[in-house]
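K.L.:
As they're listed, the protein sequences go chains A and B. Each residue of the first sequence is one higher than the last, beginning at 1 in our numbering. Each residue of the second sequence is one higher than the last, beginning at 1001 in our numbering.
It cannot be assumed that every hint is accurate.
To be verified - Below, a list of computed lysine-lysine pairs in the BS3-like style, where the Cα atoms sit at most 30 Å apart:
| no. | chain 1 | residue 1 | chain 2 | residue 2 |
| --- | --- | --- | --- | --- |
| 1 | B | Lys1110 | B | Lys1056 |
| 2 | B | Lys1102 | A | Lys78 |
| 3 | B | Lys1056 | B | Lys1077 |
| 4 | B | Lys1052 | B | Lys1110 |
| 5 | A | Lys17 | A | Lys78 |
| 6 | B | Lys1052 | B | Lys1102 |
| 7 | B | Lys1102 | B | Lys1056 |
| 8 | B | Lys1052 | A | Lys11 |
| 9 | B | Lys1056 | A | Lys11 |
As the list claims (entries may be wrong) - Stretch-level coverage of chain B by chain A, calculated; a stretch enters the list once three of its residues show a Cβ under 8 Å from a Cβ in chain A:
| no. | stretch |
| --- | --- |
| 10 | 1022–1032 |
| 11 | 1080–1093 |
| 12 | 1104–1112 |
If you are wondering where the hints come from, they were derived from the structure by calculation, not from laboratory data. Everything numeric in this text was worked out from a predicted model, so none of it was measured. Using N, Cα and C, we set each Cβ at its ideal position, and we do this for glycine too.
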Amino acid sequence: GAGVSQTPSNKVTEKGKYVELRCDPISGHTALYWYRQSLGQGPEFLIYFQGTGAADDSGLPNDRFFAVRPEGSVSTLKIQRTERGDSAVYLCASAPIDRPETQYFGPGTRLLVL
Amino acid sequence: GNSVTQMEGPVTLSEEAFLTINCTYTATGYPSLFWYVQYPGEGLQLLLKATKADDKGSNKGFEATYRKETTSFHLEKGSVQVSDSAVYFCALRDMNSGGYQKVTFGIGTKLQVIP
């Protein structure tokens, strides 16, 4: 079946602009995670959704970052007033409710802020 | 807080060589431990896992044993192939932390296997 998909695959923007990154999880997966992976580093947790609600948003670096999942499926990560330090690969993962430890990752969105 | 330390790469091996990638962790509770793999141009995939002390996770010829006494989860394979070339990430999920669904990753170790 279809895996986790993320769009766009690449995004180039200018400092100060607003960006939205989309994640389509595997159908039926209630858990959804966003991570950020900087060059040469492992993925860094940003936020976790269980259904429509953010169960844990402790990884969001500041209030410029926000994520939603209004219908419990697709999620959008929103970054306001982008900064060059936001450049990274943003990863999305989903997991079924009965196996929350088994996360299926998407290919990521590579964000470059000029 | 939780942390994962793994050996820095890159690691370059000849085909059929023995592989060890070291991983140690720090956690406040009783974590589950994972190895993820990222092949070139692909997303992260779960390779294997272990949920309690002395468990051995295994998949595709790779193995790792959860050693609570040494807080380690080293990845091993007896005979690597060129197709094993990838970046390997050690990770933990702490069941007792406030963000109980949060997974903490290491920095990743790049493995290159040459024919």
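K.L.:
For a C-alpha distance cap of 30 Å, please report whether B/Lys1110 and B/Lys1056 respect it.
P.N.:
Distance ~23 Å between B/Lys1110 and B/Lys1056 Cα, so the pair holds.
K.L.:
Does the stretch 1022–1032 of chain B contain three or more residues whose Cβ lies closer than 8 Å to a Cβ of chain A?
P.N.:
It is violated: at least three residues are needed, and the stretch 1022–1032 of chain B offers just 1 whose Cβ sits closer than 8 Å to chain A.
K.L.:
Straight-line Cα separation of A/Lys17 and A/Lys78 no greater than 30 Å?
P.N.:
holds, 11 Å
K.L.:
So is the stretch 1104–1112 of chain B in contact with chain A by the C-beta rule, three or more residues under 8 Å, or is the coverage claim wrong?
P.N.:
n = 5 at 8 Å, threshold three: holds.
K.L.:
Can the stretch 1080–1093 of chain B be counted as covered by chain A under the rule of three residues or more with Cβ-Cβ separation shorter than 8 Å?
P.N.:
holds (count 3)
K.L.:
Within a Cα-Cα threshold of 30 Å, do B/Lys1052 and B/Lys1102 meet the stated pairing?
P.N.:
holds, 17 Å
K.L.:
With a cut-off of 30 Å on the C-alpha distance, tell me whether B/Lys1052 and A/Lys11 pass.
P.N.:
violated, 40 Å
K.L.:
Tell me if the straight-line CA distance from B/Lys1056 to A/Lys11 falls inside 30 Å.
P.N.:
violated, 40 Å
K.L.:
Hinted pair, alpha-carbon criterion (30 Å max): B/Lys1056, B/Lys1077. Please report holds or violated.
P.N.:
The given pair, whose Cα atoms are some 13 Å apart, holds under the 30 Å limit.
K.L.:
Given the hint that B/Lys1102 pairs with B/Lys1056, test it: the Cα-Cα distance must not exceed 30 Å.
P.N.:
holds, 22 Å
K.L.:
Please work out if B/Lys1052 and B/Lys1110 have their alpha carbons no farther apart than 30 Å.
P.N.:
holds, 27 Å
K.L.:
With the threshold set at 30 Å, check whether the alpha-carbon distance from B/Lys1102 to A/Lys78 stays at or below it.
P.N.:
holds, 20 Å
Checked against the numbered hints above, the structure violates hints 8, 9 and 10; every other hint is satisfied.
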